[in-house]
Structures are given as structure tokens and as C-alpha cells.
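Given next are the chains, with one letter for each unit.
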Amino acid sequence: MTQALQKTVIYAALLAWAFVCLFPIYWTASTAFKEAKDVYDGDLIPWLQFEPNWKGWESLGLSPDTITRSSSARQEFLKHAANTVTISLSAATLATVIGSLAAYGLARFSYRFGPWRNNDISFWFLSQLILPPVAIALPVLVLYRELDLLDTRTGLVLVYTIMNLPIVIWIMRDQFNSIPVELEQAALVDGASIWQAFLRIVVPIAAPGFVAAFILSLVFSWNEYFFAVVLSGADSPTLPLLLAGQTSSQGTRWWTIAALATAAITPLIVIGLIMEKHIVRGLTAGAVK
Amino acid sequence: MQQNPAVELPIADVPIGVSQGWRQNVGRLLLVVASVAFAAFLAVQLLKTFGVTSVGFDNWRPVAVAFVGWSVCLCASIVWTRGQRGEQAVFLLPAVLITLAFVIFPTIYALFMAFQNWNLSAATGRQFTGLDNFRRLFADRAFWVAMQNMAYYVAAVMAQYVIAYGLAILLNQQVRGRKFFRVVFLLPFMLSPVAVSFMIGKTLLNSQYGPVVPALEWLGFTDISFYEDPWLARLNIMIMDAWYSIPFMMVLLLAGLQGIPGEVLESAKIDGASSWQTFRHMIFPLMLPISLTAIILRVIFELKLIDVVRIVTGGGPGGATDTVSLFIYREGIQKTNVGYASAMSEFYLLVIIISITIVLWLANKWVRKVT
Chain A
1 MTQALQKTVI YAALLAWAFV CLFPIYWTAS TAFKEAKDVY DGDLIPWLQF
51 EPNWKGWESL GLSPDTITRS SSARQEFLKH AANTVTISLS AATLATVIGS
101 LAAYGLARFS YRFGPWRNND ISFWFLSQLI LPPVAIALPV LVLYRELDLL
151 DTRTGLVLVY TIMNLPIVIW IMRDQFNSIP VELEQAALVD GASIWQAFLR
201 IVVPIAAPGF VAAFILSLVF SWNEYFFAVV LSGADSPTLP LLLAGQTSSQ
251 GTRWWTIAAL ATAAITPLIV IGLIMEKHIV RGLTAGAVK
Chain B
1 MQQNPAVELP IADVPIGVSQ GWRQNVGRLL LVVASVAFAA FLAVQLLKTF
51 GVTSVGFDNW RPVAVAFVGW SVCLCASIVW TRGQRGEQAV FLLPAVLITL
101 AFVIFPTIYA LFMAFQNWNL SAATGRQFTG LDNFRRLFAD RAFWVAMQNM
151 AYYVAAVMAQ YVIAYGLAIL LNQQVRGRKF FRVVFLLPFM LSPVAVSFMI
201 GKTLLNSQYG PVVPALEWLG FTDISFYEDP WLARLNIMIM DAWYSIPFMM
251 VLLLAGLQGI PGEVLESAKI DGASSWQTFR HMIFPLMLPI SLTAIILRVI
301 FELKLIDVVR IVTGGGPGGA TDTVSLFIYR EGIQKTNVGY ASAMSEFYLL
351 VIIISITIVL WLANKWVRKV T
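These protein sequence lines map, in sequence, to chains A and B.
Counted the way this note's numbering counts, the first sequence spans residues 1 to 289.
Counted the way this note's numbering counts, the second sequence spans residues 1 to 371.
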């Protein structure tokens, strides 16, 4: 194969996959500006094939002319959005703090718990990933009923924290292992306590790891659907629930669903565009050395 | 998966003098008091729950608060009695305690539920029925259909792996706009399965209005329906699942490819190896460990598949796209038949643990043989 042909094939394949990745996003975002006729005709290109309008956004109370008026649909959307933001930020923060403390301990100290050493404890944390959510959903449901935590944000925050802990520990242990231990040794010799050495010296150096762990936890919590549908109802619903709830009530109003989906995925797409490096770093932590 | 390198902070075990003696005693005392208090909360509530006494709290929340209090006291006590060793332990303890509370309890409780005939909405309450739930499970055809589907879904991971490998190799070439392609290829990973279900499953692959329909009609297909034929429905679920799962594998494999030292490839080139030979005999073996990591992690996540199926097909047509998670969800949450659902989830968990252990063991053996 000649060089030129090879290059062409490579670019064609790259562009083809870029199309596969982007088309569903484009389709959703553009459908949010269509009306029934455009959807049924299968129009794709705005202005050429169809005239964009705000109908989908109007029904959410988010279009330019409805945004100033009060709208129950918008309130409903904002309630879900606020819950999602609060829950995923809290869960990501908690998981990052608790997880990185444990990861630091596992990277630097030697624990012994019966026959268990550091590697066994790390593996134990990681093995929690195997648990399918359904396996713990039922007992947690019963537990939450007893604890009066059903349909509360606290309840979801706790579950998401647990869900993210293994990933955070995995990422942060890798991060701490990459920091030379001499820095802390020097601080300890100078009379700092373990906690001081950790907070003043290690934490600033490990910042990239923290960002990666936090962002990944945030994304996972933001998108989580299963526990949300099992554990929350009218008081603490998140965006995935709002989106999933559209099936029965408004089966054919594509523009509303598309507008909703667009609004729900935009923050994540923005995070993906800005934080790509950190996400990749988090996903590949410990995988390659 | 990497082992922990043997770096350790030198911690001098400070001999405990007279001045520290009282702290040790305070620490021990604190732990005893906290444990007694927690045990008391637990006992009071247990006795009330089983109807022995009428004194107690309205719900179990005070007991949970007591557990948190006990955990705090435990940390303080360890610092006081063990000094620096204790401070070290406090790094690990919060994560261990919260995981224990959320994983150990549910697992044990689910095991307890699995042996009961228990429907939350039935007036009869629960009865211990021994292995009945498990006998029912083995006779439940629909459950085994779901198990079989999981085998198909797991097999589809191999297709994801091949595509992800191809994309990783493409991204590892010297091409313009590499950064752009990398960001774009990662985007599907950011989206929630729920959003994907609507974006692709419900609208793009809509049998009446989806933009895919005219394209297929142009190719000569007629009477297009995406979710009526069992295999087509399953295939569509697999496509959606692959769409947002491939980036994860791709990122791992790309990191692996970038980790291959340039000299290795240089020397292969000098020896006159073709690209295919280089890939077959150099890159592929070098990438085996990370390939296995990627595949095993993806399989673990695949076994939890539920969101897309629940929203797009609900498990239909006729159970063709059903997953075990969705089946258990319907039984336990929607029909509130928690006894039987717990039995199924414990069984499923057991199958997963056993098969993952075997696969890990075989994979390790194989990698050692090849490399």
C-alpha cells in the first residue's frame, strides 16, 4: 500500500468514527429545534431543510420568550437539575476525600489486618466493582426504609459515594505511588506530623489525580439511573429520572424530549471537551506502567 | 494490575512513657463506652423490632447515627492508644467503615431475604422457606433466558474490543487533528445511558421517523421495525451499549500503545517486518496484559447492564433483550417480591464471582505463557 493511500484510509476511518460519535449528539440537539413536520420528514440540515424554532424549549419554559414567565415545566426541570448538581457534587467530594485518604494510607503505610496486607485490602476495595447494583439495591431499599432515608438526597449521596470509592482509591493510589517518598521523609525529619506532611506536601503535588478522580466520580453520579429510580421519588429525583419519565407521558413529542436530553447532556459534553486529559488520566490510572 | 511498590514511610515506634500512659487509658475507656452505647442502641431497637419490648425509636436512624458516633470514637481511640500507628490507621478507617456498612450489611441481609418467601405488599409477611426460592429459580425459564442474553451481551464485548483496538491504533498514528479526534471519540462515554436510550434507541432507531429508516429503504429494505425481531432488537441494544462503552476500552488500549517503547518498533522495521507482522508478533503480545484488563473490566460492567434495556425495549420482544439485572429489578422492585429477587441476585453474584475468578486465573496463566 502506498503512503498516500494509507493516509487516505486512516483519515477516512477517523472521520467515519467521528461521524458515528457526533451524529447522535447533532441529531438530538437539532431535533430540539424542530416541529412535528420536520421530524416526520426526516429533515437534517437547519435553514436549508427546516426552519429552526423554539417549540421544544417552549414546552420546557426555556425558550427566549418563555424564560421570563413562570413555568411549571421549567420549575420541574430546575428541581431535577438542582438535585443532580447537589447530589453529584457532594458524592464526588465525599468519595474523593475518603477515597484518597485510604489510597494514601495504602500507598505509604503497611497495614496488617489478620492475614490481610495492603494489596489484599486494595483488592478488596476494587472487588466492590463486581457487585451488580441490583444485588445491593433490595437490601439498601429495605435499610433505607428503616432509616427513613428513602427519597432523600443524603441517601443517594451515600450510595454514590460508595459506588465511586473503588475508582477513587484506584486512581489515587496510582497517583501517590508516583510521588517520590523522599519529600515526605524530609518533612517528617523536620518534625512535621504524618497529617501535616500529607496535607502540605502530598496534596498539592497530587492535584492532577484529585481532579481526575473528582471528575470521573462526578460524571458517574450525574449519569446514574438505577439507584435513583429505586431509591428516590418525588422529593429527590435527578435528571436521568426526568428524562426516563418522558416515555409514557409524551411518547411522540420528540422536540420536548430532545430539548430535555440536550439540556441534560450539555454540561457533560462541556466537561468532556475541557477535561478530556483528566478523564483519560483517571481511566488509565494503574493500567499502564 | 500493578502491585504496590514497597515504599514506606519510616515511622519510629515511639516508646510509650508515663505521659502517654493516661492517653492510652482514655482511649481504651472511650472505645469501651462507645461500644457499649452503640450496643445499647442496637439492642433496644432490635428488641422493639421483634416485639419483645415496646420501648424504642420510631425508625433505625438513631442506630445509624450511633454507628457513625461509634466510628468517630473508634478513630479517636486508635490514635490515643496506638500513637503514630493509630494515625496511620485513621487514613484507611473511614473508607473501610463506610464500605463495610454498605456492602457487608446488604450482602448478609440479602442472603437472609433469599431464604424467605417475602413479598413486601403481601399481607402474610415473610415465612422462612429454605431453598424454595432457589428451586424456583432453576425452574424459571425466563430467568435462564436472561442469563443466556447476558452471554450474548458479554460476547459482544469482544466486538467492542476489536473496534476499540482499531480506533486506538488509528489514534496512535501521526495524523493531523489527533487532539480533535481524541476528544470527539471520548464524548459518548460522557453521556448517560438514559440519554443514549433516547438519543439513539428511541429517536434515531425509531421504526417510523428515525433518520436511519430512509437510508435503509434506499438500500432496499422494507418493513423496517427495529425492536420486533429478537435478534435485531438485541443487536440494537448491543449497538447502543457499544456506542458509549467503546471509548473506555479505546482509551485504555491507546495508553497501552503509547507505552510501547519506540525502539521496539524501530528494530522491527529494520528487520524488515511488515506492519501486520509487527502487530502480530510485537504489539499484540506486548498489549496482552492491558487488553485483558480492558476486557475483564468491560465484562464486569457489561454484567450490570440494565438502563438502556429498561428504557428502550423493557426486555422485549418476549424476553429477547432481557438482562438479569432488569429481571431482578422487575421481580424485586416492581412486583416487590424481595425474597425471590434476593435469591436470584445472590445466585447471580455467585456466578459472577466464580466466573471472574476462573477467568482471572486462566488469563494470568495464559499471559505468563505467551510473554
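Since the hints were derived computationally from the structure, they do not count as laboratory data.
Since we're looking at a predicted model, the values are computed, not measured.
Honestly, I wouldn't trust all of these hints.
Here are the simulated DSSO-like cross-link-like pairs (lysine-lysine), alpha carbons at most 30 Å apart as the crow flies [claimed, not checked]:
| # | chain 1 | residue 1 | chain 2 | residue 2 |
| --- | --- | --- | --- | --- |
| 1 | A | LYS79 | B | LYS48 |
| 2 | B | LYS202 | A | LYS37 |
| 3 | B | LYS335 | A | LYS7 |
| 4 | A | LYS277 | B | LYS335 |
| 5 | B | LYS202 | B | LYS269 |
| 6 | B | LYS48 | B | LYS202 |
| 7 | B | LYS365 | A | LYS277 |
| 8 | B | LYS202 | A | LYS55 |
| 9 | B | LYS369 | A | LYS7 |
| 10 | A | LYS79 | B | LYS202 |
| 11 | A | LYS79 | B | LYS335 |
| 12 | B | LYS269 | B | LYS304 |
Results for each hint:
1. Restraint check for LYS79 of chain A and LYS48 of chain B: not satisfied, since their Cα atoms lie roughly 38 Å apart, outside the 30 Å limit.
2. For the given pair, LYS202 of chain B sits about 18 Å from LYS37 of chain A by alpha-carbon distance, which is consistent with the 30 Å threshold.
3. Distance check on the hinted pair: LYS335 of chain B and LYS7 of chain A sit about 57 Å apart at the alpha-carbon level, beyond 30 Å; violated.
4. As the CA atoms of LYS277 of chain A and LYS335 of chain B are separated by approximately 44 Å, the hinted pair breaks the 30 Å bound.
5. A hinted pair counts as satisfied when its Cα atoms are at most 30 Å apart, and LYS202 of chain B with LYS269 of chain B does not qualify at roughly 49 Å.
6. Taking the CA atoms of LYS48 of chain B and LYS202 of chain B, the gap is near 50 Å; set against the 30 Å cutoff, the hint is violated.
7. Between the alpha carbons of LYS365 of chain B and LYS277 of chain A the distance comes to roughly 34 Å, so the proposed pair goes past 30 Å and is violated.
8. Taken as a hint, the LYS202 of chain B and LYS55 of chain A pair is honoured in the structure, with Cα atoms around 19 Å apart against an allowance of 30 Å.
9. For the given pair, LYS369 of chain B sits about 36 Å from LYS7 of chain A by alpha-carbon distance, which is inconsistent with the 30 Å threshold.
10. Restraint check: the Cα-Cα separation between LYS79 of chain A and LYS202 of chain B comes to about 25 Å, which is no more than 30 Å; the hinted pair holds.
11. At roughly 29 Å between alpha-carbon atoms, LYS79 of chain A and LYS335 of chain B fall within 30 Å of each other, so this suggested pair holds.
12. A threshold of 30 Å between alpha carbons decides the hint, and for LYS269 of chain B with LYS304 of chain B the separation of about 43 Å lies outside it, so the pair is violated.
Going down the numbered hints, you'll see the structure goes against 1, 3, 4, 5, 6, 7, 9 and 12, while the others check out.
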